[in-house]
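A.B. asks: Residue-level listing of the chains:
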Amino acid sequence: MNTLPAIPPAILRAEDLGRSVNGKTLLEKITFELHAGEALAIVGPSGSGKSTLLRLLNRLDEPTAGTVYIDGSDYKGIEPRVLRRRVGLVTQRPFLFPGTVEQNLRYGPLQRGEIVSDEILSELLGKVCLTGYSSRNVANLSGGESQRVSVARTLANSPSILLLDEPTSALDDASKIEIESLLLNIVHEQKLACVLVTHDKAQAVRMAGRALLLADGKVIRSGPTGEVTHA
Amino acid sequence: MLKRIFTDPLHLVLAQALLAALAAIIVVSLARRRGINLISDALIAMGRGLLQIIAVGSILALLLKGPRWNGGWLLIAMIVAAGATSARRAKGVPGAFAVSTWAIAIGAGSVIAIMTALGVIDSRITSLVPVGSMLIANAMNTNGLALNRIRADVLAHTGEIETALALGAEAHVSVAPYVQAAFESSMIPAIDSVRSLGIVWIPGLMAGMLLSGARPLYAAVYQFVVLAMILASSGLTSLVSTLFIRARMFTSASQLMLRQER
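Protein chains in written order, with our numbering: chain P, 1 to 231; chain G, 232 to 493.
Each hint should be verified, as a subset may be incorrect.
To be verified - Listed below are several chain G residues computed to face chain P (Cβ distance under 8 Å; list not exhaustive):
{"no.": "1", "residue": "Asp384"}
{"no.": "2", "residue": "Gly399"}
{"no.": "3", "residue": "Ala484"}
{"no.": "4", "residue": "Ser485"}
{"no.": "5", "residue": "Gln486"}
Stated by the list, open to error - Just a sample of chain P residues kept apart from chain G, beta carbon distances all over 10 Å, derived:
{"no.": "6", "residue": "Asn58"}
{"no.": "7", "residue": "Leu60"}
{"no.": "8", "residue": "Gln103"}
{"no.": "9", "residue": "Gly108"}
{"no.": "10", "residue": "Gln111"}
{"no.": "11", "residue": "Ser142"}
{"no.": "12", "residue": "Asn157"}
{"no.": "13", "residue": "Lys176"}
{"no.": "14", "residue": "Gln190"}
None of these hints come from the bench; they were simulated from the model. Every residue gets a Cβ at the ideal spot worked out from N, C-alpha and C, and that includes glycine.
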C-alpha cells in the first residue's frame, strides 16, 4: 500500500502569539509554522509589530498570549539561554562588543564554557568572507564588515533557526547586496529556518518563499512572498 | 560685624543663615542669565533643608534626655529617608526605593553597628547620631550616583545588552561592564575625600572638634577614622545596590525590563 510521504515536523511554530503592554495590543493572534531550510518574510509598515514579533520568537520579550513551539516543545519550558542559542538573532545594527573579531566570535560559545577552535573560527570567517580578519579590532571595521562579523558571531552558536531583523537596512547599497547574498547562501547551505523582518518588499521576494503581511499587530495576508507583497 | 548687630545667639544664627542663603541665591541668579534656571529648586531645597535640620535638632534635644537606643530609631528613620531620596536618581528602575533603602541599611547600618560595638563610635546619642548620619548621608550619595549611572548606561546600551542575551549570555554577564562602571564611578567622591583630606579640605567634624577644644592630633586622626568608615559604608552600599538593582532589571526569563519607551 502506498503511503503519503511524512511531513517533517515544523522546527518553529507560533501559535496565537500576542503581546499587550499597559493595555495596548502590540501583536495579536499570530500563527505560523516554519520548517528547516524555509525562509519566511515578515513585512508591513513601521509600527505594524514586525520587530515585536521577532523579539517574541527568541523570548527577548514575553508573549502575553499564545506561545512558540521549537521542535514541538513549548519554548517556555526551555531555559532562555539554551533557547537563544538555538534561535540566533542578527539585528539591524551589529552591536559588536569592544575587542577583536575573534573575541566577538568566541563570545556565544564561551557563555556555555565552550572554546571555539581556531579551525572553526577560520571556517566562520570564511563563510562571511572575512578570512584573515581574526585579530582585527572591531572599532576599525566598516559597516558591512561589522554586519558580517555579527552574522558570523550568531552562526558560532550553531543555531537551527535564524532571525534577521532588517539586517541590511543600516548599510549602503553595495554592502546591502553582499550581506543579502551571504545570508541567502548560509541559510541554504545550513538548511536553517529563517524569519526575516524587512520593510523592503523586493528583498523579501529575493530572500523568502513565504511572507506574512502585518498591520496594527495583526496578520492581514499570508502566502507566497510575491503574492503577499504585490497584492 | 553681625555679632555687633545681634547680641541674641538665635537672632545671630538666623541672620547668618539668611546671608548664606542670599549668597546661594545670587549664584543661581547668575546661572539664570546663562539659561540655567535653578532658582525655584534652590529656594525649595534650602527652605526644606533648614526646616528639616531644625526639626532634627529639636528631636535630638528631646532624645538626649531619653535612653541610648533612641539614637538607633533616629538612624533607622534617616536610612529610610536616605533610601527615598537616592531612589529618585533611578527613575524607571524597578524597585529603586526598596533597593536603595536595603543597600543603605546594609552598607551604612552594618558599619555603624560594628564600629559602635567595637567602640570606634561612641554609643552616646550626641556622638552616634551625628557620626551615623554622616555615614548614612554619604552612603545615600554613593547609592544615588551608582543607580543614576547604571540606569543611564543600561538605557544607552540596550542593544549591546540584548545582543549578549540573544547570544546566550546570562543576565548578570550581559550588564557586567555597566555594573562595574557604576560601582567605580560612585566611589570617586568618597575616595577623593580621603585622598585630599587635610590638603584640599578640613572637614566640619574636625573643625568642630578643634573649636570645642579637642587636641588637634586627636581631632585629625578621628576625622580620618570617620572618613575611612564613610569609605567602607559607601563601598558596601554601592556594592549591594548595584547587585540588587542588577537582579531587578531582568525578568526570570532574562528579559531586560529597563528600556526606553518605544
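A.B. asks: Against chain P, is Ala484 of chain G within 8 Å by beta-carbon distance?
C.D. replies: holds, 5 Å
A.B. asks: Grab the minimum beta-carbon distance between Lys176 of chain P and chain G and tell me whether it stays above 10 Å.
C.D. replies: holds, 20 Å
A.B. asks: Is the claim that Asn157 of chain P lies outside the interface with chain G correct, judged by CB distances over 10 Å?
C.D. replies: violated, 6 Å
A.B. asks: Classify the hint on Gln486 of chain G as holds or violated, based on whether any CB of chain P lies nearer than 8 Å to its CB.
C.D. replies: holds, 6 Å
A.B. asks: Under 8 Å is the threshold here; is the Cβ of Asp384 of chain G close enough to any Cβ of chain P for the hint to stand?
C.D. replies: violated, 14 Å
A.B. asks: Does Leu60 of chain P really sit off the interface, with its C-beta more than 10 Å from all C-beta atoms of chain G?
C.D. replies: violated, 6 Å
A.B. asks: Is the hint on Gly399 of chain G kept, meaning its closest Cβ partner in chain P is under 8 Å away?
C.D. replies: For Gly399 of chain G, the interface hint holds, since the closest Cβ of chain P sits about 4 Å away, which is under 8 Å.
A.B. asks: Against chain P, with CB atoms and a cut of 8 Å, does the hint on Ser485 of chain G hold up?
C.D. replies: Since chain P brings a Cβ to about 5 Å from Ser485 of chain G, closer than 8 Å, the hint holds.
A.B. asks: Minimum C-beta separation from Asn58 of chain P to chain G exceeding 10 Å: can you confirm that?
C.D. replies: violated, 6 Å
A.B. asks: Just want to verify: Gln111 of chain P was marked as not at the interface with chain G; is every Cβ pair farther apart than 10 Å?
C.D. replies: violated, 5 Å
A.B. asks: Is Gln190 of chain P truly not at the interface, in the sense that its beta carbon sits beyond 10 Å from all beta carbons of chain G?
C.D. replies: Gln190 of chain P is indeed farther than 10 Å from all Cβ atoms of chain G, at 17 Å.
A.B. asks: Beyond 10 Å on every Cβ pair: is that true for Ser142 of chain P relative to chain G?
C.D. replies: holds, 19 Å
Violated hints, in rising order: 1, 6, 7, 9, 10 and 12; the structure is consistent with all others.
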